[in-house]
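Chains as they are written, first to last, in the working numbering: chain H, 1 to 371; chain L, 1 to 352; chain P, 1 to 614.
In case anyone wonders, no lab produced these hints; they're calculated from the structure. As the structure is a computational prediction, the values presented were derived from the model and not from experiment. Think of the CB as a built atom: it goes at the ideal place given N, C-alpha and C, for glycine as much as any other residue. Just to be clear, a hint being listed does not mean it is correct.
Said to hold, decoys possible - Looking from chain P toward chain H, a few residues come up when the C-beta cut is under 8 Å (computed):
| # | residue |
| --- | --- |
| 1 | 72 |
| 2 | 242 |
| 3 | 301 |
| 4 | 607 |
| 5 | 608 |
Said to hold, decoys possible - Listed below are several chain H residues computed to face chain P (Cβ distance under 10 Å; list not exhaustive):
| # | residue |
| --- | --- |
| 6 | 141 |
| 7 | 213 |
| 8 | 217 |
| 9 | 220 |
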Amino acid sequence: MRHRILTRLLWMVPSLFVVSLLVFFINASGNQQGSFMDTQSENISSGDFSPQKIKNQIPVFYFSVTSLIEPDTIWKMTDEEKELLQKKASWKKFIPVIHFYGYNQYHRWLFGDNSDGKNYKGILRGDFGVSTETGLQVSQLLYPRFFRSFILVFISMLLAFFISIPLSVYLVLNEQKVISKIIRGILLMLYIIPVFWLAILLLMLFANSKMISIFPLSGWPDSGEGFFSYVYHLFLPVMCYTLGAIAYFTRALETNLKEVLHKEFLLTARAKGFDNTQSLLKHALPHAIIPVLTVLGYLFPMAVGGSVIIETIFGIPGMSNALFHAALTKDVPVLAAISTLSCLLTLVGFLLTEILQAFIDPRLRQTQQLS
Amino acid sequence: MNKFSKDLFRKNSSLSWGAGILLMIVLLSFISVLLPKTFFENDWGASLQSPSTSHLLGTGSRGNDIAAGIISGLKISLTVALLSVLFATLIGLPSGLIAATLGNKGKTGIIQLIFFFIFLILAWFYAFYLRRFEIADASSDSLSMISEILFSFFLFIVILLIGYFFSARILSRLKNFIKVQLPIDTLLSTLADIITSFPLLMIILTLTAIAKPSLWLVVVIIGCTTWTGIFRVVRSVALQTLQLDFITAAKAMGMKTRTIILRHVMSSVLPMLFVHLAFTFSAAIVLESALTFLGAGLPVGTVTLGSLLSDAKSNFTAWWLVLFPGAVLFLLLLSLQLIASGLQKKFNPFLR
Amino acid sequence: MFSRFVFILSVSFLFSCQNENTTTQTAVPDNRVLTNADGDYIPFPDAPNYLSDWKKENNLTVQWMQEPDNLHACNGRTLSRAIVFTLIHRSLLSIDPMTRKLKADLVKEIPTSRDGLTYRFELKDEPAFDDGAQLTVDDVIFSFKAYTCPLVNVSGRSALNNLLNIVKDNSNARAFTVTMKKVLAQNLFILTDFPILKKKFYDADDALKNYPVNWVNVEDQPGMNKTFPTAWAAAFNDGRYGNDPALINGLGAYNVKSWERGQTLTLEKKKNHWTEKLSAEILNQFYPKQITFKIITDENAILLAARNQEFDASFWLPSKVLLELQKDSSFTKNYNSCYTASYDFSYIGFNLKPQESKRTDFFSDLNVRKAFAMLTPVDLMIQNLFSDKALRMSGIVSPLKKDIFNDDLKSYSFNIDEAKKLLSNAGWKDSNGDKILDKIINGKKTDLKVELIFPLGPSVIQDMALMLKDVYAKAGIDLQPQVLDPNALGGKMVSHDFDLFMSGLSSSSAPSDYTGTWSTAAWLNHENNFTGFGSAASDALIDSINVTLDEAKRAQLEKEFQKMVYDNYPIIPLYFNVKKIVVHKRWANAIVCFDKPYILFGQLELLSEKKQPE
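Could you put the whole structure together from the sequences, leaning on the hints where they help?
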């Protein structure tokens, strides 16, 4: 068991390295600074542009493979110059050369940069730099947003749990009743329905001045507003989230319960004189819930970037909304921060899930010891 | 229809229902060939009209006929889903089989490993680095870009094959003192973990922000991110099968590994693969419509179910805009779900 | 005491109920687009009485579409930022939004200059910062040193190119002399764009002490530092100065109280602001205790918010929304609304010099450009997409600038047949029958496949692009619209990497300087001349416009220049934007103006608190 967790932990190091490489290169390819325009009005008015193109003063990565014809300072050249070199007919261009660089952009991105009065600490120390669009420190920008997204996900998941546990028990106990068949049908529909359609339907029903207008279309309560404002603003997004989650949880719980019910120890329990309901609640339920509980391990990554659609439709200024906005405006530092965070948290989530499962399931523990 | 398929559908109501609905939807998307071209044009003066005889399902905010939008949207959804599932299977199936059969026990000489990396760099250099301007120049025309990229891939594989030949025929004669264990299974699984650890929409949004929107981009991106599911299913089923007694017996009888995989492992992998493909297919459709709902991925003005729904988002007083495209999308997903669960019932002995 | 208060309230309630019918009838909104022919500014009449369901707080909530990129003193470009700056900052001179004339703001009067190069200003005595410290000449000099510093990120710095020096007066500590390099018509107007900052706050260590106002030739000037103040500039450029409310400090009547990105920006009125010591002129009065700018972008959400009276004012509504709202009697009961013309316009630009960016040469031929202009259904766009709430544009100058507006220019009329003829004259023919025109360029058969890039934004912009695609297809042009985020679009426009682009230019009532947008130098230097328009003749004309101080003569030259642009078809002019203005009736003194800030927010006074003139 310990061995397995240790290997898992060790594997996380190369995984995170690959993740950082991916994030860095995806973002480096979209890195271009420009300026702003008035985007939201019907007017497409522009101010003036004075784009400050970042010159590549240092190489991108620890090594580069170029052809012999190109100098080892090729990163300083413009694309046109590179293409001119490339078009030259020379045998030299077919010989690959590997250059190594000690100090480069990736290194600086990871470990920080203190030259020229810059005080950039590097992502390893939690500094993701400054958002190109707002000029704000990324951590400062994302901190309140993470809180909002987490509240949304947490409340929805909690609600979904508290509804789906009794629901699944009911469904297992009354398998053949008409009501449970209807419930199953509804759950199937909720399971399939695309979340954006559900959201629009909810909005159309509950935030439409021509139908029922009790909830706002979008937004988050202003700071200092009370509990009811939170209920008022969060009702529809939470409902949207919860409905999908209920369908998912109930299905999973139901299958697990049925599986557990056929196990031997329950047969003994029943033989001992427990009736069906009692044995289900006392013995089967704890076993059935546990695999579903592992979803909790993914709560944090879900709060980071898992609810793009809900947050954009309901205008919740959370992480996923920031992600969507950053992707549209190519706000590279924000994108990098969110992707790195989300990957890190998911990998930790994998680990936690595995540990949890191993602790719960004695069989898993044993096989680990054997191997 | 042979006896097997008759049996399959008669005993399996969800499968036959699902297949029926899907067939109807696919037929619907083929109707577009028969319809006049004007049917698909925007009538700018007639925006947001409720259903009438001239526009059966009403019009959108551009005066576009919703029925026409649904038909062309279905065509795009199905194409994207089909192609991306194909793409994902092309990656997921072989990698899953490789991970299951080779496991973590494979050994290789360190010299071969070093040469592999050298050839990898060489292949990348000749196939992509030297040809990068040709590929970039062709980017204005999607067809010529695809052919350029395919040619690059061809070069890449040829160079790697030369490397393989080199190491197999020449290097293997060298005495290898140092051998290393290659944990291929763990490597592939970790890679799949990493890819799944990215929120899917996030990678896609980031990539579409960088690359020029096109149908191929969406296909490749969805394919590249959904293969991990197929990989997992194939790997686990193959692992289970490989531990069965008759495989051990076949091994003992001296059957080649290749034959075992193709004959025995594949026969148990394929049914589960089909079940999973149905799920992947519907996931691809949801992804595609979510992307176009957010306005990313496909070129501006492409009418899809997602874009129709995003139009509905800003005009939801027009109920026909909300209801019809959403219902069609829902039906499509429902049919796939029914087919998937039908197949699962059929092939998974445990659930039966 | 309490009972009397209740009584008064209930009386006013009764009163309001009685009058309700009459008020709804008189307040039928004017659906015309108002221009300055309707007056220099548009005052809304005060409502006769206070309705019971109106909010009572002295807090103004403004709906807007977009938050500022930042509130840094000099490094931002958004319109919303400019609006906030009118409330939190002050500059030496300003443009009076009501008369659109130059006005002394922090200085006693607008000086007259004998040679057009030197101006002697004297600061007012009242202006003081939050801590009570009086504004001094040092603050002024520091501010301009900061704006001209090459290390500081300043948008629109080119406006300061003509500034030579600012020197403190020897005799009078509150006077200083500004020297310019050239005699230009815009000389005084550049002083309106830059807010005056507090030296002690932004440069406590006096790091800029030994630097001149004009940094361009810092090496040549004796006694001046030869090394740049890197540390100070890095600190001043820091994003915190544009985001942290505690670090945004100005002379205006409001302070930033809080800013939640993506949500609200709240300004708070300063206590004992220096403007209270000034005369009782309307622009010196500030009433709302708090002004909250709230982002509501979704059209449905705006509708709902207006019906629930969630905001008090807006100049940024989509036209569809306001038209829909005006049908409601409850809306017209609560809100005043109107449509006003503005100085901003939208257009489609051609790439006249595609060789540099290796694009296909479609548009160097005048006939092709003419054909494209004729194919553009501007009237249809305005009618269908803007519900007639936009002004068809012919030349590049807003009709609001009556004196220099060239009304001889007529907008291009839509004509497919004529356009087809022009295209075939230019050699574009459909030789392979695929319904897309083609032509042999450099020995290679090229289809007329044109990419149109346009900014990400509200759906209307995308609709315009799609409408163009539809109409162009009828003439055999394959238009491929591509949406780009504003930054990427800007980058492509500046590097001239496009076939067609759709964009806008914002302008103001100040005399325009065409150097940055239409001169050949601006194309070469990758400034705002994106199309590549220009010749020696046009450059000369721009120069002569700038140096001509005589109004009538200048107007003549301006008209000539408009004609020159019009004849060359470097752009397809689309429309001048129309501002859709809404102000809640609980505010008195509502004044709508044509230039920024469109509504005088600070001057809105609660109807219940307004002292009735005796």
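| task | Just pull the numbers of the violated hints for me, sorted ascending. | result | 4 and 5
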